[in-house]
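Novice: Line order of the protein sequences matches chains P and C.
Under our numbering, think of the first position of the first sequence as 1, with each following residue one higher.
Under our numbering, think of the first position of the second sequence as 1, with each following residue one higher.
There may be inaccurate statements among the hints.
Here are a few chain C residues that face chain P, going by a calculated C-beta distance under 7 Å [as the list claims (entries may be wrong)]:
(1) 48
(2) 134
(3) 341
In silico lysine-lysine, DSS-like type, Cα no more than 27 Å apart, as pairs [said to hold, decoys possible]:
(4) 330/C <-> 258/P
(5) 258/P <-> 238/C
(6) 141/C <-> 40/C
(7) 330/P <-> 141/C
Don't read these hints as lab results, they were simulated from the structure.
Cβ coordinates follow ideal geometry from the N, Cα and C atoms, glycine included.
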Amino acid sequence: MDFSFTEEQQMLQDSVQKFVRDNYDFETRRELLASDRGYSSENWNLFAELGWLTVPFREEDGGFGGSAVDLMVMMEELGRAMVLEPFVPTAVIAGGLISELGTDDQKRELLPRIMGGELQLACAISEPGSRFNLANVATRAEAQGEKVILSGSKVAVLNGSHADQLLVVARSAGSQLERNGISVYLVDAGAPGVKRHGYTNVDGHGAAAIDFDAVEVSSAACLGAPGEAYAALEKVVDRATVAVASEAVGALDSLLQKTVEYSKTRNQFGVPIGTFQALQHRMADMFIECQLARSIVMMAAMKLDSSAGDDEKAKAVSAAKSRLGRAIFKVGQEAIQLHGGIGITDELDVAHLFKRVTAIETLFGNTDYHTRRFASL
Amino acid sequence: MNADFTKEELAFQHEVRNFLESEFPADIRDKVDRNIRLSKEDIVRWQKILNRQGWMAPNWPEEYGGTGWTPTQKYIFNQEMGRIGAPEPVAFGVKMVAPVILAYGSEAQKQRFLPDILESNVWWCQGYSEPNAGSDLASLKTTAVRDGDHYVVNGTKTWNTLGQYADWIFCLVRTDNTAKKQEGISFLLIDMASPGIKVNPIVLMDGSPEVNEVVFDNVRVPIENLIGEENKGWTYAKVLLTHERTNIARVPYTKRRVNELKSAAASRADGSGGSLADDPSFASKVAELEIDLLALEYAELRTLAAVTVGKAPGPESSILKIVGTEVAQKADELFLEVADYDALPFVPEQFEAGFTGAALGDGYLASTALDYFNHRKVSIYGGSNEIQKNIICKAVLGL
Ligand SMILES: Cc1cc2nc3c(=O)[nH]c(=O)nc-3n(C[C@H](O)[C@H](O)[C@H](O)COP(=O)(O)OP(=O)(O)OC[C@H]3O[C@@H](n4cnc5c(N)ncnc54)[C@H](O)[C@@H]3O)c2cc1C
Chain P
1 MDFSFTEEQQ MLQDSVQKFV RDNYDFETRR ELLASDRGYS SENWNLFAEL
51 GWLTVPFREE DGGFGGSAVD LMVMMEELGR AMVLEPFVPT AVIAGGLISE
101 LGTDDQKREL LPRIMGGELQ LACAISEPGS RFNLANVATR AEAQGEKVIL
151 SGSKVAVLNG SHADQLLVVA RSAGSQLERN GISVYLVDAG APGVKRHGYT
201 NVDGHGAAAI DFDAVEVSSA ACLGAPGEAY AALEKVVDRA TVAVASEAVG
251 ALDSLLQKTV EYSKTRNQFG VPIGTFQALQ HRMADMFIEC QLARSIVMMA
301 AMKLDSSAGD DEKAKAVSAA KSRLGRAIFK VGQEAIQLHG GIGITDELDV
351 AHLFKRVTAI ETLFGNTDYH TRRFASL
Chain C
1 MNADFTKEEL AFQHEVRNFL ESEFPADIRD KVDRNIRLSK EDIVRWQKIL
51 NRQGWMAPNW PEEYGGTGWT PTQKYIFNQE MGRIGAPEPV AFGVKMVAPV
101 ILAYGSEAQK QRFLPDILES NVWWCQGYSE PNAGSDLASL KTTAVRDGDH
151 YVVNGTKTWN TLGQYADWIF CLVRTDNTAK KQEGISFLLI DMASPGIKVN
201 PIVLMDGSPE VNEVVFDNVR VPIENLIGEE NKGWTYAKVL LTHERTNIAR
251 VPYTKRRVNE LKSAAASRAD GSGGSLADDP SFASKVAELE IDLLALEYAE
301 LRTLAAVTVG KAPGPESSIL KIVGTEVAQK ADELFLEVAD YDALPFVPEQ
351 FEAGFTGAAL GDGYLASTAL DYFNHRKVSI YGGSNEIQKN IICKAVLGL
């Protein structure tokens, strides 16, 4: 065991910290939110230039190494500044699925374009009523000779409205809740029959509900062999879970820090409110939550990089997301409460951090779901 | 002690229920059911209907338009209102400023202001808080300086709920800078149309336009708008704050929300072929919430019983504010859990009347995160829950 950062990890952290310091103050972020895309294409190009888009990928795929701890280091810093660029949907989820499932040709074709910042992707996984169950897939993929016809509805597709191409999780065989028979298809976002209803989530991140109305793709658009995508899907979503969990750890830290600072400057009854012991203990509790969240998310990232078996890894991820969820409620709510009225306003960054962590609590399985998954593994 | 209603009380319940079923306008009820924000016009229309029935101001003395109901009747009335989702009258007029006018206003002020409150002709807002005077309200700095027959008011009030609709504002202002801070405060009624008043909207994190900053720049207010005596405003306001607190448990509304929650869970897929309502861990969370609500309800009934025998709502009513807001916020958390991804789209327009776009999410569950965000306010306003605990410590526990 070793808890120290490698030199590369230290450099990665420094570089993300420098970027957010120079480019991502709250006002700049607000302008990005108000822009058409809701994020900056220039920033995305910069991410590519700085090599960050290679972080989730293995060396043999041309990446930085693909370690979950690297990802954690980076996401935590992005989380502090609430970075809006769709790193997780494009690089971690879509990139991860291509790297896990794709043929050599598919990887050669797609991965360099992702890492080069040329391709925006989104992964259409959830469906109305599927909740967090990745095996619950009703969207059909029917083979017709050399063609495959995709039909079904997807919801909560992160980055869904701006992606150039979509990865669509669809069923080529089996019944709705079966793990076997699930495939992933690469679909042009502008293909006939693709109907996108884009919107913005409460955390400012773009998403879409997408209907696939008999969308025709070539059978070569399937990532790897048809019907065998489930295990890779679960693995990639687990990795994405650790990524957003790390982001939340950064954001929670930010909430704590801002609350402590505010309590030293806000005066009521002639003294800073931070002098009231009732509030001091509440901040001490927030600190404890932040530390436990950080510890358990680190555990999950380290487990993913370890020689542990698949179930042990999955269990570690669920432990992290479950415990983090409790920290999200506690730290988020207390940060707002201790700010008083100003904490409820759109004007202050604490409200935006609160919204982002609240959304993360739901993403890829809420607290209850992961507690249960932990117990079942 | 007896938990049963008498025959008369049952008849009253029947009467209230029939009235609400037939008179609560269907279009407003539909908006409430679909979680659509009510317009000023909706609210006023409904309040006028209540008033026509004579039920606008159950807490007022009968001679001024009160109902003369027993506490049990008031309880039944609130239960029935909550059951159907009929909004309580906006508190600022009928429940906040009116009790002060009734208790400390002159006869002329009663005649001038109370009828318009009953008839919902005038919309009031509350101007207490200031940017630097929140929990420590007595440190407020807005000044009112006497100039002949007028006060000249300068300063900034903030967090004025629904101030954008208001015709009048009741304010705490400083009339004496030399006295102890509680002793230099007066209670002043100000016409929002007076020259020198500027209302600046404050956007909350859920995007809702419900609070404002109100800036007073040399606003001239006739001295006849002063309530009671100069520099006694703090005492009057404290009375008002107790009234505010007893109305804040909102048990019937949280009950209704819990019912909505249960029906939402029953029709919500759990992702594995069943419904969320069948999930034992979810069901036990809802049960705990209902149990808390019952304890709260009986705590409130005990407080009401004490009021009947002539005691003013005492400091223990702080319990109602604390627990009432905690259970309401817990219900919001459970809604988030039921709604999963449907909780997240940020489409505040879909809560406005006339929205024609495709609603994102499943009926009442659409964008439930916005309710969760907005309702963080309830443990902050009306005297924050921390301040309520300070009151318990000091006034009840003697610490
Ligand atoms: C949505 C909304 C609507 C509102 N509507 C109105 C309105 O219509 N009219 C109006 O006049 N006001 C209104 N308010 C204002 C409300 O009453 C104040 O926000 C409240 O009194 C808290 O003051 P503050 O926001 O300045 O917080 P602060 O007083 O700065 O408090 C910050 C934190 O410190 C805590 N704290 C402060 N003092 C102590 C202490 N001694 N011990 C322990 N903890 C302490 C508080 O509990 C809080 O957690 C509204 C507020 C909100 C959020």
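Novice: Closer than 7 Å between Cβ atoms is the bar; does residue 341/C clear it against chain P? Give me holds or violated.
Specialist: holds, 4 Å
Novice: A closest beta-carbon separation below 7 Å is what the hint needs, so does residue 48/C meet it against chain P?
Specialist: Violated - the Cβ of residue 48/C stays beyond 7 Å from chain P, reaching only about 31 Å at its closest.
Novice: Between residue 330/C and residue 258/P, does the CA-CA distance stay at or below 27 Å?
Specialist: Between residue 330/C and residue 258/P the Cα gap is close to 25 Å, so the pair holds against 27 Å.
Novice: Holds or violated: is the Cβ of residue 134/C closer than 7 Å to a Cβ in chain P?
Specialist: holds, 5 Å
Novice: Holds or violated: are the alpha carbons of residue 330/P and residue 141/C at most 27 Å from each other?
Specialist: With a Cα-Cα distance of about 34 Å, the restraint between residue 330/P and residue 141/C is violated, given a limit of 27 Å.
Novice: For the pair supplied as a hint, residue 141/C and residue 40/C, is the alpha-carbon distance within the 27 Å limit?
Specialist: With Cα atoms ~31 Å apart, residue 141/C and residue 40/C exceed 27 Å; violated.
Novice: Regarding the pair residue 258/P and residue 238/C, is the alpha-carbon distance no greater than 27 Å?
Specialist: Distance ~33 Å between residue 258/P and residue 238/C Cα, so the pair is violated.
Of the numbered hints given earlier, the model fails hints 1, 5, 6 and 7; all others are met.
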